[in-house]
Amino acid sequence: MIDCTEAVRRMWAYLEHELDAKPVAEFEFHLETCQRCCGELEFSRHLREVVAVGEGATQVPPELRSRIETLLAKADDTNRGTA
Amino acid sequence: MASVVETRATDLTGPIARTVDDPAERRSFADVAREQLDRLYGFCVRITNDPNDADDLVQETLLRGMRAYDDLRDASRAKGWLFAIATNASRDLFRARGRQVATVPFDTMDADGDDFSLFQTIAIEDPFPYSDELHLDFLRLFRDDDVRAVFGSITPAFRLPLILTVVHGFSCKEAAAILEVPLGTLLSRLHRGRKQLERGLWDYAVKNSLVTTTDEDER
Chain X
1 MIDCTEAVRR
11 MWAYLEHELD
21 AKPVAEFEFH
31 LETCQRCCGE
41 LEFSRHLREV
51 VAVGEGATQV
61 PPELRSRIET
71 LLAKADDTNR
81 GTA
Chain V
1001 MASVVETRAT
1011 DLTGPIARTV
1021 DDPAERRSFA
1031 DVAREQLDRL
1041 YGFCVRITND
1051 PNDADDLVQE
1061 TLLRGMRAYD
1071 DLRDASRAKG
1081 WLFAIATNAS
1091 RDLFRARGRQ
1101 VATVPFDTMD
1111 ADGDDFSLFQ
1121 TIAIEDPFPY
1131 SDELHLDFLR
1141 LFRDDDVRAV
1151 FGSITPAFRL
1161 PLILTVVHGF
1171 SCKEAAAILE
1181 VPLGTLLSRL
1191 HRGRKQLERG
1201 LWDYAVKNSL
1211 VTTTDEDER
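If you're matching them up, the sequences are chains X and V in order. Position 76 (the first sequence) corresponds to 76 in my numbering; numbering is contiguous. Position 136 (the second sequence) corresponds to 1136 in my numbering; numbering is contiguous.
Treat the hints as calculated values from the structure; they're not laboratory data. A hint or two may mislead.
[Said to hold, decoys possible] Simulated restraints on C-beta separations:
| no. | chain 1 | residue 1 | chain 2 | residue 2 | range |
| --- | --- | --- | --- | --- | --- |
| 1 | V | A1068 | X | E32 | 45 to 53 Å |
| 2 | V | P1129 | X | E69 | 38 to 46 Å |
| 3 | X | D76 | V | S1131 | 30 to 38 Å |
| 4 | X | F29 | V | D1074 | 19 to 27 Å |
[Claimed, not checked] EDC-like, lysine to aspartate or glutamate: derived pairs with alpha carbons at most 20 Å apart:
| no. | chain 1 | residue 1 | chain 2 | residue 2 |
| --- | --- | --- | --- | --- |
| 5 | X | K74 | V | D1055 |
| 6 | X | K74 | V | D1070 |
| 7 | X | K74 | V | D1031 |
| 8 | X | K74 | V | E1035 |
| 9 | V | K1079 | X | E16 |
| 10 | V | K1079 | V | D1056 |
| 11 | V | K1207 | V | D1146 |
| 12 | X | K74 | X | E63 |
| 13 | V | K1173 | X | D20 |
| 14 | V | K1207 | V | D1132 |
| 15 | V | K1207 | V | E1125 |
| 16 | V | K1079 | X | D20 |
| 17 | X | K74 | V | D1056 |
| 18 | V | K1207 | V | D1137 |
| 19 | X | K22 | X | E32 |
All of these numbers come straight from a predicted model, not from anything done at the bench. In this text, a Cβ means the ideal position worked out from N, Cα and C, and glycines have one as well.
Could you put together the complete structure from these sequences and hints?
Set out below in structure tokens:
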């Protein structure tokens, strides 16, 4: 049996599928009897989605992209043996 | 702490580059780099917390990648391979410039930050008394810029595991390999990053008047 403190500690590792079978079984057994931890697990899923969307949307600035394209074009030329 | 398989995963020819491409079908470095460019740049911005340093870091990463591409045995694992190069290049960049990555410590946080639970704090403070989705409504307060601001204030050693796993979808084992730390260390840092994130979101919401706390109600 694990308590809520331990369940919360395992929660993100559980969502990452990084727990071994025994800790998973203990965690899921705890969830069967703990509405609060079920709620926090669901909240953790949503929190991770918010982070993934908010942090993920980054685009290379045009000026930098242009410099990189020059660099990569040289790499392409080298590959073809034309440099 | 839950038991985990303790693995040191530092060899990039192992978990990140396992199989060998057919030379005839092997994609060029330029193609691979173009495909990963936005993701790589986003990662460099998060490592450096500085757009100018991110520019330098992404270019240095590509230069190193170009030189080492023949060593990458499986081009389908190029993303992790490039992120590992960027991580190493960032260390050299900061060393050369004599600086550490800027951090904003959370004064009110203990060493582990384990005391704080965002889920419980929202329930106790009840910032939306008439809401049926109290916790979700709290998350809906945050725009992308707000999330980035909070993320930027997390200690880098704890932020990077979050970025690699939650944002970029690497497994913890892959993230451990990229950061060159044992899996147990990665999981511990992930937990501490999560706690800093939770604390940061709440503090940000209070500071920017996105929520009203009990103390303010009583004034």
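Checked hints:
| no. | hint | in the structure |
| --- | --- | --- |
| 1 | A1068(V) with E32(X): 45 to 53 Å | holds (50 Å) |
| 2 | P1129(V) with E69(X): 38 to 46 Å | violated (54 Å) |
| 3 | D76(X) with S1131(V): 30 to 38 Å | violated (55 Å) |
| 4 | F29(X) with D1074(V): 19 to 27 Å | violated (39 Å) |
| 5 | K74(X) with D1055(V) | holds (19 Å) |
| 6 | K74(X) with D1070(V) | holds (16 Å) |
| 7 | K74(X) with D1031(V) | holds (12 Å) |
| 8 | K74(X) with E1035(V) | holds (17 Å) |
| 9 | K1079(V) with E16(X) | holds (19 Å) |
| 10 | K1079(V) with D1056(V) | holds (18 Å) |
| 11 | K1207(V) with D1146(V) | holds (12 Å) |
| 12 | K74(X) with E63(X) | holds (17 Å) |
| 13 | K1173(V) with D20(X) | holds (13 Å) |
| 14 | K1207(V) with D1132(V) | violated (24 Å) |
| 15 | K1207(V) with E1125(V) | holds (15 Å) |
| 16 | K1079(V) with D20(X) | violated (27 Å) |
| 17 | K74(X) with D1056(V) | holds (18 Å) |
| 18 | K1207(V) with D1137(V) | holds (17 Å) |
| 19 | K22(X) with E32(X) | holds (16 Å) |
Of the numbered hints given earlier, the model fails hints 2, 3, 4, 14, 16; all others are met.
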